[in-house]
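Asker: Spelled out, the chains give:
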Amino acid sequence: MGGLIKSSIARKVAMALSGLFLVFFLLQHFTINLTSIFSADTFNELSHFMGTNPLVQFALQPVLIFGVVFHFIMGFVLEIKNRNARAVKYAKYNGGANSSWMSRNMIYSGLVVLAFLGLHFYDFWVPEIVHKYIEFAPEDPTRYYTELLHKFESPIRTGLYVVSFVFLALHLWHGFASSFQSVGFNNKYSVAATKFAKVFAIGVPLGFVIVALVLHFTH
Amino acid sequence: MNLTLKIWRQKDAKSQGKIVDYQVKGIEGDMSFLEMLDVLNEQLINKGEDPVVFDHDCREGICGACSLQINGEPHGPDRLVTTCQLHMRKFKDGDTIYIEPFRAKAFPVVKDLMVDRSSFERIQQSGGYISVNTSGNTQDANAIPIPKKDADEAMDAATCIGCGACVAACKNASAMLFTSAKVSQFALLPQGQVEATERVLAMVNQMDEEGFGNCTNTGACEIECPKGISLENIARMNREYLKASTKG
Chain A
1 MGGLIKSSIA RKVAMALSGL FLVFFLLQHF TINLTSIFSA DTFNELSHFM
51 GTNPLVQFAL QPVLIFGVVF HFIMGFVLEI KNRNARAVKY AKYNGGANSS
101 WMSRNMIYSG LVVLAFLGLH FYDFWVPEIV HKYIEFAPED PTRYYTELLH
151 KFESPIRTGL YVVSFVFLAL HLWHGFASSF QSVGFNNKYS VAATKFAKVF
201 AIGVPLGFVI VALVLHFTH
Chain B
220 MNLTLKIWRQ KDAKSQGKIV DYQVKGIEGD MSFLEMLDVL NEQLINKGED
270 PVVFDHDCRE GICGACSLQI NGEPHGPDRL VTTCQLHMRK FKDGDTIYIE
320 PFRAKAFPVV KDLMVDRSSF ERIQQSGGYI SVNTSGNTQD ANAIPIPKKD
370 ADEAMDAATC IGCGACVAAC KNASAMLFTS AKVSQFALLP QGQVEATERV
420 LAMVNQMDEE GFGNCTNTGA CEIECPKGIS LENIARMNRE YLKASTKG
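Protein chains in written order, with our numbering: chain A, 1 to 219; chain B, 220 to 467.
Each hint should be verified, as a subset may be incorrect.
[As the list claims (entries may be wrong)] In silico DMTMM-like links for lysine to aspartate or glutamate, alpha-carbon gap of 25 Å or less:
1. A:Lys89 <-> B:Asp375
2. B:Lys309 <-> B:Glu414
3. A:Lys188 <-> B:Asp231
4. A:Lys89 <-> B:Asp314
5. B:Lys244 <-> B:Glu261
6. B:Lys462 <-> B:Glu414
7. A:Lys81 <-> B:Glu428
8. A:Lys81 <-> B:Glu340
9. A:Lys195 <-> B:Glu441
10. B:Lys330 <-> B:Glu414
11. B:Lys233 <-> B:Glu279
12. A:Lys6 <-> B:Glu451
13. A:Lys92 <-> B:Asp375
14. A:Lys89 <-> B:Asp231
15. A:Lys92 <-> B:Asp240
16. B:Lys324 <-> B:Asp359
17. A:Lys188 <-> B:Asp369
18. A:Lys92 <-> B:Asp312
19. B:Lys330 <-> B:Asp375
20. B:Lys324 <-> A:Glu79
21. A:Lys92 <-> B:Asp257
[To be verified] Where chain B lies over chain A, by a calculated footprint (3+ residues, C-beta under 8 Å):
22. 8-16
23. 79-93
24. 98-109
25. 174-182
Everything labelled a hint here was simulated from the structure, so no lab data went into it. We put the CB at the ideal spot given by N, CA and C, even for glycine.
Start from the sequences, fold in the hints, and give me the full structure.
Answerer: Have a look at this one:
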């Protein structure tokens with residue numbers, strides 16, 4: 001990672017690009033989740049494809065994991081460097097007068113998302129890896145929907161899921177729109193791009209929450 | 220009006236500083252913030268105490284010397300003004316005002332409210348210039364046609380007075396707005412193209428070496444800048460840097 005963090009602008013661009021990659025992943029994940037409330041068969045088919053396709057499993061999945069790990073490690077690196085850049089803090093700091101809460105607290109919203117990813121990996125990813133690559137269990141293409149319903153039976157888990165996605169929305173509210181600026185995109189189209197990013201930041205996490213609540217309350 | 224001032228006092232760069240409370244009376248709304256501090260210093264001198272040290276020079280908002288973090292904002296609560304242009308009518312009788320130096324590792328406190336902003340000078344020296352033949356055959360700048368939009372944007376960037384409010388406002392103490400303004404004022408003009416690659420690489424490198432933080436696009440710098448320097452300059456510098464990195 002040394003070469004990638006050689007300058008503040010390189011770090012900023014790397015953070016933006018990894019974030020944009022994760023935004024695309026989020027959209028793809030949401031699309032599959034959304035099918036679960038309309039058609040169990042479609043959800044099973046898509047999940048089976050994602051869970052067994054060699055390209056997804058052995059090329060895209062490692063890239064995704066690298067993207068997630070990189071984004072978080074770089075986030076921590078930036079936070080430490082930035083805290084060190086102001087050794088003596090202000091006795092009075094009125095950040096609310098010139099910037100949004102979301103933009104000033106990306107590390108905290110990111111930490112909640114990180115904690116959620118821990119739970120999510122424990123719930124879905126680890127059992128998948130055990131099922132497929134350790135137990136070598138026979139593949140049942142219809143198991144995915146049942147497993148999904150089982151996870152959203154618990155009101156505590158569903159509640160944690162909802163809270164986590166509120167923080168993801170806060171993180172995306174600043175992060176997605178800000179990534180355009182980081183890669184040097186600031187022109188007459190920026191207002192429209194920022195609006196799109198804000199709608200995405202609210203819409204997609206809200207969609208995840210709706211799917212979770214529908215599955216919880218209807219089964 | 221009568222005010223309570225909570226002012227950062229620090230004997231020298233190596234001493235530990237602290238907030239000290241002062242009372243000032245009879246402050247007029249037409250006074251500038253620095254004139255209010257002059258009144259306080261008169262009081263302190265008359266009592267035989269050490270006056271509060273603060274940076275100031277032109278007192279008309281063009282030199283970039285005055286600074287001060289006032290109630291948690293650089294140059295105070297007003298917009299597009301420097302501390303010397305901030306009027307006391309922005310405050311009310313009985314107000315408590317926090318007055319602190321611009322805080323950043325790259326802006327070490329010299330004494331009280333005065334900080335050393337020579338890190339900005341070093342960023343400028345590393346690439347904030349163009350090479351012009353001054354042998355007597357210098358070409359008239361107006362002989363080079365420049366689109367008005369580019370000329371306007373370059374001029375807007377050049378209005379940066381290097382006061383450091385962007386650094387003071389940024390939660391990360393980042394100097395990206397300052398550096399990007401200094402890069403942009405040349406990047407937009409044909410005269411700046413000769414050294415474009417070296418300039419942005421050298422200035423960003425110097426900025427990082429000085430210990431400024433990383434930009435996280437909070438936008439606080441743009442809001443607090445007394446000259447209204449736009450975030451577009453940072454995006455331009457990012458582009459210039461990426462372009463230069465692929466070349467150099």
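Asker: Are the Cα positions of Lys89 (chain A) and Asp375 (chain B) separated by 25 Å at most?
Answerer: Violated, because 32 Å separates the two Cα atoms, which is more than 25 Å.
Asker: Mind checking the alpha carbons of Lys195 (chain A) and Glu441 (chain B) for me, to see if they're no more than 25 Å apart?
Answerer: holds, 20 Å
Asker: For Lys188 (chain A) and Asp369 (chain B), compute the direct alpha-carbon distance and say whether it is at most 25 Å.
Answerer: holds, 15 Å
Asker: Are there at least three residues in the region 8-16 of chain A whose beta carbon sits under 8 Å from a beta carbon of chain B?
Answerer: As far as the region 8-16 of chain A goes, the hint holds, because 6 residues have Cβ atoms under 8 Å from chain B.
Asker: How about the region 79-93 of chain A: do at least three of its residues have a C-beta closer than 8 Å to a C-beta of chain B?
Answerer: Satisfied; 12 residues make the cut.
Asker: Quickly compare the C-alpha distance for Lys324 (chain B) and Asp359 (chain B) to 25 Å and report which way the hint goes.
Answerer: Distance ~42 Å between Lys324 (chain B) and Asp359 (chain B) Cα, so the pair is violated.
Asker: Check the hint pairing Lys330 (chain B) with Asp375 (chain B) against an upper bound of 25 Å on the C-alpha distance.
Answerer: At roughly 33 Å apart (the allowed maximum being 25 Å), Asp375 (chain B) and Lys330 (chain B) break the hint.
Asker: For the pair supplied as a hint, Lys92 (chain A) and Asp240 (chain B), confirm whether the alpha-carbon distance does not exceed 25 Å.
Answerer: holds, 14 Å
Asker: Is the Cα-Cα distance between Lys233 (chain B) and Glu279 (chain B) 25 Å or less?
Answerer: Between Lys233 (chain B) and Glu279 (chain B) the Cα gap is close to 32 Å, so the pair fails against 25 Å, i.e. violated.
Asker: Holds or violated: are the alpha carbons of Lys81 (chain A) and Glu340 (chain B) at most 25 Å from each other?
Answerer: holds, 22 Å
Asker: Tell me if the straight-line CA distance from Lys324 (chain B) to Glu79 (chain A) falls inside 25 Å.
Answerer: holds, 15 Å
Asker: Within 25 Å, alpha carbon to alpha carbon, are Lys309 (chain B) and Glu414 (chain B)?
Answerer: violated, 45 Å
In this structure, the earlier hints numbered 1, 2, 3, 10, 11, 13, 16, 19 are contradicted, and the remaining ones agree with it.
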